[in-house]
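Colleague: Taken in sequence, the protein lines are chains Y and F.
When we follow the numbering used here, the leftmost residue of the first sequence carries the number 1262, and every step to the right adds one.
When we follow the numbering used here, the leftmost residue of the second sequence carries the number 531, and every step to the right adds one.
Hint data in this document are derived by calculation from the structure and do not stem from the laboratory.
Hints should not be assumed to be uniformly reliable.
[Unchecked claim] Ranges between beta-carbon positions, derived for each pair: (1) F:Phe840 with Y:Phe1382: 20 to 30 Å; (2) Y:Ile1286 with F:Tyr676: 51 to 61 Å; (3) Y:Pro1472 with F:Pro858: 33 to 43 Å; (4) Y:Phe1382 with F:Leu571: 22 to 32 Å; (5) F:Thr599 with Y:Ala1468: 53 to 63 Å; (6) F:Arg733 with Y:Ile1286: 50 to 60 Å; (7) Y:Glu1496 with F:Arg548: 34 to 44 Å.
All residues carry an ideal CB built from backbone N, CA and C; glycine is no exception.
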Amino acid sequence: MSSSSALENKQLSPTPKNFTTVMVICVVLLGVCVIASLVFGSRLVRFNELIDGLFHPEIDTYGANIVRKRISRTVFSLLCGAALGVSGALMQSVTRNPIADPSILGVNTGAALFVVSGIAFLNISTANQYIWLALAGAAITAVFVFGIGSMGRGGATPVKLVLAGAATSAAISSLVSAILIPRAYVMDQFRFWQVGSVGTGSWSAIATFAPFLIAGILIAFITAPALNAMALGDEVATGLGVRTGVLRFIAALAGVILCGAATALAGPIGFVGLLSTHVMRLILGADLRFVIPMSAISGAIILTISDVTGRLIGSPGELEVGVVTAFIGAPLLIFLAMRSKVRSL
Amino acid sequence: MRNDSIELIISGRRQRRRRWILVTAALAAIACMLCCAMLLLGNTIYPVKDVIRALSGEQIKGVSFAVNTIRLPRMLAGLFAGFAFGIAGYTFQTMLRNPLANPNVIGITSGSSAAAVFCITVLHTSNTVVSIASVIAGLATVIIMYLLSRGRSFSIGRLILIGIGMQAMLDAVISYLLLVSAQQDIPTALRWLGGSLNGSQMRELPPLVITVFIFAPIIILLGKHLSLLELGEQSATSLGVSTDKTRIALILSSVCMIALATSTTGPIAFVSFLSGPIAKRLTGAGFSNAIPAGLVGVNLVLAGDLIGQFAFEVRFPVGIITGLLGAPYLIFLLIRMNRRGEL
Chain Y
1262 MSSSSALENK QLSPTPKNFT TVMVICVVLL GVCVIASLVF GSRLVRFNEL IDGLFHPEID
1322 TYGANIVRKR ISRTVFSLLC GAALGVSGAL MQSVTRNPIA DPSILGVNTG AALFVVSGIA
1382 FLNISTANQY IWLALAGAAI TAVFVFGIGS MGRGGATPVK LVLAGAATSA AISSLVSAIL
1442 IPRAYVMDQF RFWQVGSVGT GSWSAIATFA PFLIAGILIA FITAPALNAM ALGDEVATGL
1502 GVRTGVLRFI AALAGVILCG AATALAGPIG FVGLLSTHVM RLILGADLRF VIPMSAISGA
1562 IILTISDVTG RLIGSPGELE VGVVTAFIGA PLLIFLAMRS KVRSL
Chain F
531 MRNDSIELII SGRRQRRRRW ILVTAALAAI ACMLCCAMLL LGNTIYPVKD VIRALSGEQI
591 KGVSFAVNTI RLPRMLAGLF AGFAFGIAGY TFQTMLRNPL ANPNVIGITS GSSAAAVFCI
651 TVLHTSNTVV SIASVIAGLA TVIIMYLLSR GRSFSIGRLI LIGIGMQAML DAVISYLLLV
711 SAQQDIPTAL RWLGGSLNGS QMRELPPLVI TVFIFAPIII LLGKHLSLLE LGEQSATSLG
771 VSTDKTRIAL ILSSVCMIAL ATSTTGPIAF VSFLSGPIAK RLTGAGFSNA IPAGLVGVNL
831 VLAGDLIGQF AFEVRFPVGI ITGLLGAPYL IFLLIRMNRR GEL
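Construct the complete structure from the given sequences, taking the supplied hints into account.
Modeller: Here it is, written out as structure tokens:
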């Protein structure tokens, strides 16, 4: 959503005062991230090489080729970050739960189990096949975890959801290891996936990913006003003409599609959705029409920065981006737990 | 009338005591059988007589090496680590009055692991330093977590959430250390991530054995106070327990045992979590379950290792077997607690 269409809604509810400022800052940051992602790595690219790689396709130097290689990786990490950010915003809104994030809900490991089983038992090997299995795994795990977490009194409280997610993750990762250990060949193939890295990002991966990303983000934008209404409570939302059951299902589906597709191609990456959505909510308030698009942008920024950081501190190799996001995202979880009231736990 | 009810209570208590003794004896017997199985079974099954002779120091070609160098350390590592995990897990669960509050879930094991991996891969220290560092890191994790979760009022839910957050961070640190470490250190360090009895060596065992012999008796002796703590802070104080001192002694002992057991075998999934509830199921309420919980831990580890070694075509490390058994139980427990509204 652009700032102009946000302004059209001014009569309904005002644009957050600082929206333009935040937007400008985010776009600048995004630009910095993109340049950093192109320049930094195991080999530092010089400025003229960067220009050559970007604008002079006929020049064929080593540095220019490195830049070209890094373009697809950067685009891929931006798209994945955006998908994870929007997915986090959707899941937090649907579950009405501040800590809902694909990694915490165990969705990543669910996708991993299906991918591993696919490699081991069905001999699949292409990204197109991964993505469907990962989506199925993500969806089933999400339903399972949310089902357990919302049993009993008080519905899905954060601590119940987190525990259900942690237990499910533990169960699934034991299964994954049990499948992997006897099959060295699967282990080899799986390792490239398991690392949780955007380094595999190629143009074909982006092409596979794009339809899911577009579908998910479209659904998120369309449902945002209705989700806003649902935040007031199911009864109020019904009174305002929202069919809450259908809405929940569609929004959750979009969330799972986004994080499942991102997980299928990049491997398990946690805490991006949690981080981006919370930062944006803190700055912009609760209106999802602004939070969702900005979560997409901030998710892209966070994932790309993490990727660059991983490349720098892991040099000459690279530290998987999932590790970096866990390290910066987990303190937020701790902070949220500290601030929340006992009752809402 | 009054005498009747008193007699009823006394006889009930006697019955429960009998059950406790029976169950404990049975668990100990099973543990002994599993220990023997660990020594007897392997690629080659040697006659019992040869195994005994090898154990008593006679040199028999083949048997001595297989039994004394491979199977005996493996068995002892499983025995002591299982006991330590079981008893420490039980202590935490009882003290915090929540079966989910065990060292695996709330991140203590990850704290110890991170410190140990750091010592192994970056500082290249000796085994003793690794053990000490892992104990200190485990204690530090507990203290930090307690301070963070205190807030206005202590809540177990908050503690668990913070623990899971800390665990995610510490696991990230471990991944980073493994990435930057030299190739030859990785096998040693990997032990800290998945529990396994493979490659247990005699010379690694003494710290664990000594720790268990020092701290397990402390927990067992404090068993009565621990059961009183379970009633809640106020009741325990009014029944004459100095709660803070008891708690500190209990935490210190359990963290030491957990850290050293982890340093010997790695974090064997779910043993510390499963032992307490299983022991409680078996013995019923009323008596301190420290010893039964420790024995259940031993049985889980040894049985898990035997299953992992022989039940499949491939050898699985014990951590995977206990993980496969334990995780469904954790989910079941969650469902039950949610239904009852205990969370």
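Colleague: All hints are to be evaluated individually against the structure, with a verdict given for each.
Modeller: Checked hints:
no.	hint	in the structure
1	F:Phe840 with Y:Phe1382: 20 to 30 Å	holds (24 Å)
2	Y:Ile1286 with F:Tyr676: 51 to 61 Å	violated (38 Å)
3	Y:Pro1472 with F:Pro858: 33 to 43 Å	holds (36 Å)
4	Y:Phe1382 with F:Leu571: 22 to 32 Å	holds (31 Å)
5	F:Thr599 with Y:Ala1468: 53 to 63 Å	holds (57 Å)
6	F:Arg733 with Y:Ile1286: 50 to 60 Å	holds (58 Å)
7	Y:Glu1496 with F:Arg548: 34 to 44 Å	violated (57 Å)
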